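Student: Based on these hints, arrange chains Z, V and S on the given structure of chain G.
4 protein chains.
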Amino acid sequence: MRDAGLWSERYAQVRAATMALAEPLSDEDCGAQSMPDASPVKWHLAHTTWFFETFILERYETGFQPFHPAFRVLFNSYYNGVGDKHPRPQRGLLTRPSMAEVRAYRANVDARVTALAARHAATDARLAALLTLGLQHEQQHQELILTDVKHLLAQNPMAPAYLPPGAAAAAAPAKAMPGWQRFEGGVHNIGHAGDSFCFDNELPRHKVYLAPYDMSTRLVTNAEYLAFIEAGGYRDPSLWLAEGWDWIRTQGIEAPMYWRHDGVWTCFTLHGQQALEMDAPVTHISLFEADAYAHWSGARLPTEAEWEHAARDAALTDMFGHCWQWTSSSYAPYPGFRPAEGAIGEYNGKFMVNQYVLRGSSIATPTGHARASYRNFFPAGARWQFTGIRLAR
Amino acid sequence: MRDAGLWSERYAQVRAATMALAEPLSDEDCGAQSMPDASPVKWHLAHTTWFFETFILERYETGFQPFHPAFRVLFNSYYNGVGDKHPRPQRGLLTRPSMAEVRAYRANVDARVTALAARHAATDARLAALLTLGLQHEQQHQELILTDVKHLLAQNPMAPAYLPPGAAAAAAPAKAMPGWQRFEGGVHNIGHAGDSFCFDNELPRHKVYLAPYDMSTRLVTNAEYLAFIEAGGYRDPSLWLAEGWDWIRTQGIEAPMYWRHDGVWTCFTLHGQQALEMDAPVTHISLFEADAYAHWSGARLPTEAEWEHAARDAALTDMFGHCWQWTSSSYAPYPGFRPAEGAIGEYNGKFMVNQYVLRGSSIATPTGHARASYRNFFPAGARWQFTGIRLAR
Amino acid sequence: MRDAGLWSERYAQVRAATMALAEPLSDEDCGAQSMPDASPVKWHLAHTTWFFETFILERYETGFQPFHPAFRVLFNSYYNGVGDKHPRPQRGLLTRPSMAEVRAYRANVDARVTALAARHAATDARLAALLTLGLQHEQQHQELILTDVKHLLAQNPMAPAYLPPGAAAAAAPAKAMPGWQRFEGGVHNIGHAGDSFCFDNELPRHKVYLAPYDMSTRLVTNAEYLAFIEAGGYRDPSLWLAEGWDWIRTQGIEAPMYWRHDGVWTCFTLHGQQALEMDAPVTHISLFEADAYAHWSGARLPTEAEWEHAARDAALTDMFGHCWQWTSSSYAPYPGFRPAEGAIGEYNGKFMVNQYVLRGSSIATPTGHARASYRNFFPAGARWQFTGIRLAR
Amino acid sequence: MRDAGLWSERYAQVRAATMALAEPLSDEDCGAQSMPDASPVKWHLAHTTWFFETFILERYETGFQPFHPAFRVLFNSYYNGVGDKHPRPQRGLLTRPSMAEVRAYRANVDARVTALAARHAATDARLAALLTLGLQHEQQHQELILTDVKHLLAQNPMAPAYLPPGAAAAAAPAKAMPGWQRFEGGVHNIGHAGDSFCFDNELPRHKVYLAPYDMSTRLVTNAEYLAFIEAGGYRDPSLWLAEGWDWIRTQGIEAPMYWRHDGVWTCFTLHGQQALEMDAPVTHISLFEADAYAHWSGARLPTEAEWEHAARDAALTDMFGHCWQWTSSSYAPYPGFRPAEGAIGEYNGKFMVNQYVLRGSSIATPTGHARASYRNFFPAGARWQFTGIRLAR
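Heads up: the sequence lines are chains G, Z, V and S, in that order. All letters in the first sequence, in the order written, are residues 1 to 393 by the UniProt record's numbering. All letters in the second sequence, in the order written, are residues 1 to 393 by the UniProt record's numbering. All letters in the third sequence, in the order written, are residues 1 to 393 by the UniProt record's numbering. All letters in the fourth sequence, in the order written, are residues 1 to 393 by the UniProt record's numbering.
One chain only, chain G, in its complex shape:
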């Protein structure tokens, strides 16, 4: 973007979208943390602001003064290069700063970033890249705000709704019969191409050899997953990875997260407790469950390279916007991967162990955020994201 006006418009739009997500919530809702993996909404609001303050204002602003010295530690997520950080499991104990102070923090940083962008973003490519990264980062936290709020509200026995039940719960579910689309083998290019934004983990673009394979034309539905449950899928160890079997037994897991069975199956949604929509894609499952389902159905999960290669084929529906799709690929650097210099290099690379790649995007992903080369990643047991299944064979 060469035009400073576009910068400020884009910046304002993304930052406002974050605040809009907090709109239906009380200050109390915004402060609580339901588990160490999740963060309070207030923390997300402050951390995304800290990101702009730390990686842009501190570098570019003449006579930089932090909004509040303590925030450098309080809202540092995991950047050792920036210094100390508040312990993650204790984010919900930060009743101060208040929501009002965090709003003021956002407003202050917004004004300063906007001023900076107006003066320099059109001419300083490095600044422009950091601004873009900050906004993409903000969008990632927009998705986390929704998944974390959902998890928090689900802990409340009163099952409060984030949005009014009247609203349409989700995009139209997949109704078509599942089919298989064939893809030829050979050497293909994988990774981000072109000069539009991508994260460092999508680079470099590189060659992979793929054997011929089939991809399912649609996502696995709740009805199909329910058939797996009713066929005893959670009681048959031969379907499960050994660690997955231990995990479901130790945790007492018998269905996707948020499903409940009281005579009928319901599930907790952002609109409250609702009847299970049978034609909707199954979500909130772990890699272990996705793998067991695939095994049971006689198929397998795709690799991330297969998914990406197939992504632009028109025969495949719902690749984006419904749920992140587990792949069998562990999260690893692409050949020749180079993280950025300095603390910003901690963004992605240091998490490349014991995590699995998910592809696509979900109903919680901001429009325009994802793309075919996008690599989301979570541990094999994570379920609080909108995660689902597309089969391969």
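In case anyone wonders, no lab produced these hints; they're calculated from the structure. Small disclaimer: the values here were computed from a predicted structure and weren't measured. The reader is advised that the hints may include incorrect statements.
Same chains, same label: a pair holds when it works inside one copy or across any pair of copies.
[As the list claims (entries may be wrong)] List of simulated lysine to aspartate or glutamate pairs, DMTMM-like, C-alpha gap at most 25 Å:
hint	residue 1	residue 2
1	K85	D246
2	K85	E58
3	K207	D313
4	K85	D262
5	K207	E184
6	K85	E243
7	K85	D236
8	K85	E254
9	K85	E341
10	K85	D110
11	K85	E61
12	K85	E346
13	K85	D200
14	K207	E101
15	K85	E101
16	K207	D195
17	K85	E23
Tutor: Relative to chain G, chains Z, V and S alone:
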């Protein structure tokens, strides 16, 4: 109290005192739970209301309807006789009901209890006893609100103050030289006497035989406790109970809770981080630490019977209003102890194992709440209460 | 004992009795540790020898040289005054020294102690006292060898027997109808009297005031305890201490340790898996279970003072030799208690917190070891000792 | 092998090699389990026998009777398809069966398998395949016996040696200067080729695309790794995967397993505590440490495909026989992977999550067991195997 007007005045005064404690706090402050042992202020406000609703309105009100059916579970602390209860470690996740709803809950129950008391309390002794118990229970939670808020704010690296630093931190500290007051042995009566209110665990009054003993005329001060630290008290296993030694080593404990050493000693108080007042009584220590200090100083902790027998002697200062004083007595039923019938009988009796008795009262105890026969109790490792030391020998 | 010959006879007899307990066991049996609370038999054999080496030979032997320098640490149980100690949960990993080496260690120390005793025990009262303490200590470990072996063999799905099944399983069980024996109240003397041996925790003899009370004339039987189970005792929270209720729920406890129900009730014994003897005293229960049973039966557990005062009354049967009887008394120092100087003072005193006193003795206690003033102690959840119930009211 | 005589010779040789490993050990040594990941030697001896009994005798022997019915459960490692299994962390509590009984078990099964092989192995290809698998399985446990014994003896403060210190500790260490060998990119074939034995996880042979890369001509030495330590490698978070950094901090890890620093560096070996051999390959490190070292040295770990493609190049030394070499590849099925039908299919496939592939072989691997396509695998934090580093870039 025979006069219904006095009932409503007393009730209103105690209930208002609870709300006044929440005055300096935001809704966010009131929602957070810093550890499983502590509860959010909002939960205290609701639970004390639940107590009146459950044990008075539900029994006495014609056509009783609960304010909200879910509250029966959400705000039940530990009464199995009432039914299910929300898991204690998850009280901080109850962002709903909101503080506003809890205020409305209090107002609603207050109106109904007041109406009931006006009609019947003067003539129905059982109702009067339950009202009294409810108010005594409320006062116990007033103290817990202060200890729990202090613990929560102490987790925040910004060390926010509950009260303005200008306010006088505490009652005048003990400046006198310590001395010993002699008490004769023999058979003495212990336990509550008379027909004023007491908890069931203070009864029945009964005989105990005491050997002659000395009690210190004042509490151990911060200066004295600091001398113990500086003499290596936390590094000498011969001073400690075996379980206490394991506990300080495993937890990395080297000083009372809330003490910090950065060149000088400071401690976190309800007024924020402050210089350590050397003449003030040491507080926020465990039984393990109290016992080790006593051992080091060549003395011992008193038994609860010794403390109670000595309590009315004018030579002893600061028996009440500064800190709860650990005794060497495990919390056990008095001979002939009988808890009340039904769920209310769970109030005290079921905790009589692996806890130790504290006597006196603290700066956080409401005026008029404690008495010589009062038995407070906590596990040997508890430190977040205002706990201190009076020596015996 | 003034006669050196008697010393060596007594010493040889006690030491041989320990070795006899290991007779039915393989070296493999002797090396394993089934839980941190229990120790391998080999460790017991070595530790009791370490006790004589450390507290007698090291002090009295001219030119003392340790049998093996490493043993000072390996076989130190908990004496901080002696120096470092091997971590308790890792005692089962000490495959070296071998059983053969430990036998040699015993033989070596036995010869040296015997020589020392022959020369000095008749004239050196302090040495005589240490010899006596060492032998009493050895007898305590004789009981632990049996309880620890029983626990180890019970972990084996093949349920191997320590002793041949043909042998009489236990002394004749209590068949009489239970009755109550009345004891008058008043000031009584408690604690060891006379100049025969006792442990330091039995002193000083002191006065206590007892209200009048009744003691059951016999122990609670398996049949009676089974009635408690069948009446739903393990499912009714109103019978349990709060911590006990949490404990049985968390641990999934529904019956005494070693009981198994497969259509019929059996229990694991030192003679292998056997039918439950209905008239035998119930054993292997925690204080929590003893207390819940007492509550259910309308009675209570005695205090240790009540038990001791009653102990010599002929109406009470089975006070000794069947099972240790839980009391409601937490383990605390008697008024004026003084542990010995130096490391030996760690024998008892430092455990006086969060433990409960048991009185009597069990089928595993060596003959002549216990007495009316003897104070055994374990945490409220301990079950692997031969622990049972005598009721009071 | 078409010749029954060769079968019995091969079988006898492999089985005897296992017993020879137990030769320097006492029965006590053979019974202990130092951690859940490791098993007692006795258990290894019995489990490998169970493997032949379950997967060969039970299928092929007419009128099959198990040696002991309980062994089916006791010595089942992880085959859910066979039935229940004894809990892994409790293998060290199985003092029965004794070592003598396990020897008898081995002898009994050996005789029966040998008889069966003599009659049918030359003509029954499926039996021959199972026999081969059983022997390969036995060899894997030969390596585990050494690593598990080493871990056990290392827990003993006396640091006992498995082998006499006089024996040569290891094969000649790598003394050459490290260099880089270049490999061209392109599509290469990976996986086992030919009809000699391989495990199912080495199949099917398949194409991969590799970018050009360099492999180090030798392994990283202790001296090189020590330079990393002395340069502060364990204190610089920028070198570590985030999970690795948490792991070293939580576990207090500052050097490879078995290294000790008391003025000089020594390490525990199968020959006891020895001076650190500076030119020997570093071993007993986790993937986290291997990755951090690679990062620090400006290189990276190879992928498993790179390693396998390079394996036959003569420029690379010490590919086999010194230490298993961590790769950056997570353990995953090859395209088209099919485990065997039935319980034997649990051998490899179900572990393909959260584990990383190691290539090569170690000083503990039986001669002839490994090959270029061999895939060993362990979790990223495992250190008790002989694991080391070969760099790539």
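Student: Next step is simple, just say for each hint if it's right about the structure.
Tutor: Hint-by-hint comparison with the structure:
Proximity of K85 to D246 under the C-alpha cut-off of 25 Å is restricted to the inter-copy arrangement: shortest distance 13 Å between copies versus 33 Å within a copy. Taking the closest pair of Cα atoms, K85 and E58 come within 25 Å of each other only inside a single copy of the chain (17 Å); across copies the shortest separation is 49 Å, beyond that limit. Taking the shortest Cα distances, K207 and D313 sit within 25 Å of each other both inside one copy (19 Å) and across copies (24 Å). Only between protomers do K85 and D262 lie at most 25 Å apart by alpha-carbon distance; the minimum there is 20 Å, versus 43 Å within a single protomer.
In the homo-oligomer, the alpha carbons of K207 and E184 lie at most 25 Å apart both inside one protomer (15 Å) and across protomers (14 Å), since each shortest distance falls under that limit. In this assembly of identical chains, the alpha carbons of K85 and E243 lie at most 25 Å apart only when taken from different copies (16 Å versus 32 Å within one copy). Taking the closest pair of Cα atoms, K85 and D236 come within 25 Å of each other only across two copies (16 Å); inside a single copy the shortest separation is 43 Å, beyond that limit. In this assembly of identical chains, the alpha carbons of K85 and E254 lie at most 25 Å apart only when taken from different copies (22 Å versus 37 Å within one copy).
Taking the closest pair of Cα atoms, K85 and E341 come within 25 Å of each other only inside a single copy of the chain (20 Å); across copies the shortest separation is 49 Å, beyond that limit. Only within a single protomer do K85 and D110 lie at most 25 Å apart by alpha-carbon distance; the minimum there is 23 Å, versus 45 Å between protomers. For the identical chains of this complex, K85 and E61 are intra-copy neighbours only, at 23 Å inside a copy versus 53 Å across copies, given an alpha-carbon limit of 25 Å. Taking the shortest alpha-carbon separations for K85 and E346, only the intra-copy value of 14 Å comes in at or below 25 Å, while the best inter-copy value is 43 Å.
Taking the closest pair of Cα atoms, K85 and D200 come within 25 Å of each other only inside a single copy of the chain (24 Å); across copies the shortest separation is 46 Å, beyond that limit. Taking the shortest alpha-carbon separations for K207 and E101, neither the intra-copy value of 49 Å nor the inter-copy value of 58 Å comes in at or below 25 Å. Taking the shortest alpha-carbon separations for K85 and E101, only the intra-copy value of 20 Å comes in at or below 25 Å, while the best inter-copy value is 35 Å. In this assembly of identical chains, the alpha carbons of K207 and D195 lie at most 25 Å apart only when taken from the same copy (19 Å versus 31 Å across copies).
In this homomeric assembly, K85 and E23 never come within 25 Å of each other (Cα to Cα): the closest approach is 28 Å inside a single copy and 31 Å across copies.
Going through the hint list in order, the structure does not satisfy hints 14, 17.
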